[in-house]
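**Student:** Read off the chains here:
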Amino acid sequence: MATGFEMDTAFFAAWIEESARSVAAGKERLTDLDAAIGDADHGSNLDRGFTAVVRALAVKEPDTPAALLTVVGTTLIRKVGGASGPLYGTAFREMGRALGDLGDTAEVSPGELCAALEAGLAGVRRLGSAAEGDKTMVDALAPAVRALRRALEEGSEPREAAAAAAAAAREGAEATIPMRARRGRASYLGERSVGHEDPGAASTALILTALHTVAAR
Amino acid sequence: MKKLINGVESVVPDALRGIAAAHPGLRVDVENQIVFRDSGPRPGKVGLVSGGGSGHEPLHAGFVGYGMLDAACPGEIFTSPVPDQMIEATTAVDGGAGVLHIVKNYTGDVLNFQLAAELSAEEGVEVASVLVDDDVAVRDSLHTAGRRGTGATVFVEKIAGAAAESGAPLAEVARVAGTVNARSRSFGVALSACTTPAAGRPTFALGDTEVELGIGIHGEPGRARSAMRPAAELVRVAMDALHEDLPLSGDVLVMVNGMGATPLIELYVAFAEVSAYLAEKGVTAARSLVGDYVTSLDMQGFSITVCLLDDELVRLWDAPVETPALRWGR
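Residue numbers (full-length UniProt numbering), protein chains in the order written: chain A, 1 to 217; chain B, 1 to 330.
Don't read these hints as lab results, they were simulated from the structure.
Computed from a predicted model, the values in this text were never measured in an experiment.
The reader is advised that the hints may include incorrect statements.
[Said to hold, decoys possible] As a list, the in silico DSSO-like pairs of lysine-lysine whose alpha-carbon atoms are at most 30 Å apart:
#1 A/Lys60 - A/Lys27
#2 A/Lys27 - B/Lys2
#3 B/Lys3 - A/Lys27
Given only the sequences and the hints, what does the whole structure look like? Please build it.
**Tutor:** In structure tokens, the structure reads:
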């Protein structure tokens, strides 16, 4: 990170490793959240996926951020199953595609990272047909991406912008507690889904927090 | 919790090894978790692939064989399989006429099959999909993921399987599958919750004198809780819900399905009430199944699925089938 906040492949690899650590540490909590309104496997599924991701990157680390994010996305789709595999997998693949469209770039600017996260969010919304307020990972990801965009436009330091994104993701996840689920298996519970934090939003907050942790190093 | 297992992590592969040993007509890829027909793809025949979480046995592996599925992809317990499994199954069963994916309407199943269909198409396999969404307990599809796919999956797999076996092209097999789904409705009742091996405790608490009405097949609670009542009354609740959603008439195919821990004698008690209900409405149960077909581990309870028949569907239902869990006429 020579010029303040340029992000290279190693930065993205560090983000993914930090995400994997957070998911492993938060595994029980994610599964408990899922037990309340889903089928009690979100933590173990996502942990299985990120463990496979870390292993895949150790075998051969891709040489651009775009290629790395694409490997992350593809591995999550292949290993996780359920709804979270395709949704997280698509998010990372769309990010990789957005960065890949910039050419064979080895470093990414904060603005480009933000645009990539916007592309990832668009992919998740499209695949899951979910909007904010449906009690899904979109309720954490959308405000995070908005906060990041706003902070950068207001001229915040990239680290502060990442901090704002992580805080918005955590607030977004907490804001799912009073919501009634309208997507996924939790939606079958109707009113009974109220009062529980959405496990997908909770894991999204972990991953955005990991981004800030790595950016702040 | 007492379960006849070796360990929580190995339940699915251990069961697949059992399926392989018990059924020489099947070829089981334990590592990739795919159950195939032993005979391989027949040139010109449309291939049928289904799959979903484990814990619903005999669905789907029990319906692999002549006249029904070409391959089944079991996921972890109550978790959808991953696209890799589905892609491998799809390309392996393609006899050049394309492959139909039979998908139950759960977000995970839908997304993974969608990705698998796209990736299989990139590998040159023509793929069509039918979404099974027969559960009338989920009403408000604007505010939910839509109706769940439950018992009608068995009807779709059997009837589409017969169409494929007769040499019908992919579009035709897909059309028949869609017709069966459109004419089928289900409703389930739980007398007890199930226990997934990983969780080790029942998925919801139900008192000794309570039942859950409108359950799905993943141990999730239903749309209402009610006092335990005689079979005739529980069947009436279910049949009224079906009839209200899709008026019953003419000849119907009926399945009274056990959820895994209800004895056959009780399912026959329920079937007698179903039959009486239909007679009241001037409807004939022309074909029927009574037994465990789409289960939810060790849940006590039952579901009723009804399909409005026509001549084409009767002919395809009666066509020979030879699978571990369904066989006749061959």
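**Student:** Work down the list of hints and note, for each, if the structure agrees.
**Tutor:** How the hints compare with the structure:
1. A/Lys60 - A/Lys27: holds, 26 Å
2. A/Lys27 - B/Lys2: holds, 25 Å
3. B/Lys3 - A/Lys27: Measuring from Cα to Cα gives roughly 24 Å; hence the hint holds.
The structure fails none of the hints (numbered hints given earlier).
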